[in-house]
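Colleague: Sequence:
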Amino acid sequence: MKLSKALFALVAAGLVGTLSASPFYVAGGVYSASVEESFDAVSDLDLDDNDTVPALFFGVSFMDHFAVEAGYYDLGSYSSQLDNEVITADSEALAVNVVGSFKVVKLFDLYGKFGLAHVTSDLEFNSDTIEAFDDSSTDPYYGVGANLNVGQNIDIYAEYVRFASDLEVDLGGVGIRFHF
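Mind the numbering: the sequence shown is residues -21 to -1, 1 to 159 in mature numbering (1 follows the signal peptide of the UniProt record, and there is no 0), read in order.
Hints listed in this document are in silico derivations from the structure and should not be mistaken for laboratory results.
Worth double-checking, as some hints may not be accurate.
[Stated by the list, open to error] Below, in silico cross-link-like pairs of lysine to aspartate or glutamate (EDC-like), each with a Cα-Cα straight-line distance of 16 Å or less: (1) K85 / D134; (2) K85 / D43; (3) K82 / D43; (4) K82 / D134.
These numbers come from a predicted model, not from an experiment.
Construct all of the structure, not just a fragment, from the sequences and the given hints.
Modeller: This is the structure in C-alpha cells:
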C-alpha cells in the first residue's frame, strides 16, 4: 500500500512538472485543400478542384512527445462542370486527434497526428436526375508535419493532413502555434 502511494506521488509529481511548462496551445493556419471525387450517378462528372482554407485548433501537451488536439478545419468549396451538369460542394470538419512528436534538433520537431473528424458536406447538383443532399460522417484522419520553434512560446509549422471521409480532402499548409 505504501509502495503504491509512493509510486502515485512520483508519477503525479512528474506530470505536474511536465504540465507546468506551457502545456496548452492554440494554433491557426492557412491550407491549400484539394479534392478529387467521381460521382457514379452522373457519368463522367468528376470533382477535381482546389481551395485555400483556414484551420484553428487547441491542444494540450503531455510529456515531451505527446499532445491531444481539438480543432476546426474548413475543407473548402469546390465546383465542377461537364456539359450542363454542375456540382458544387462545401465541406468542413470538427476533429479530435493525438499527436506524437520527435525532436530532430533543439528547435525542430517532426510529428504525426491521427484522430477522428466529423465531416459535414453540402453537395448540390444542377441536374434533373440528382437532388442536393447533405452528408455527414465521422471518419479517421491523419497527418504529418514539421515544427520550428521561433520564440519562447511560438512555433511555426507546416503539415499535410488527409481526411478520409466520403469526400476525401487533402490539405497542405503552414501556420503558427502559441503556447500559454
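Colleague: Now tell me if each hint is right for this structure.
Modeller: For each hint, the structure was consulted:
Note on K85 and D134: the hinted pairing holds, with a Cα-Cα distance of about 13 Å set against a maximum of 16 Å. Distance restraint check for K85 and D43: the Cα-Cα separation of roughly 12 Å lies within the 16 Å cut-off, and the hinted pair is therefore satisfied. A hinted pair counts as satisfied when its Cα atoms are at most 16 Å apart, and K82 with D43 qualifies at roughly 9 Å. Proposed proximity of K82 and D134 is supported: the alpha carbons are some 13 Å apart, at most 16 Å.
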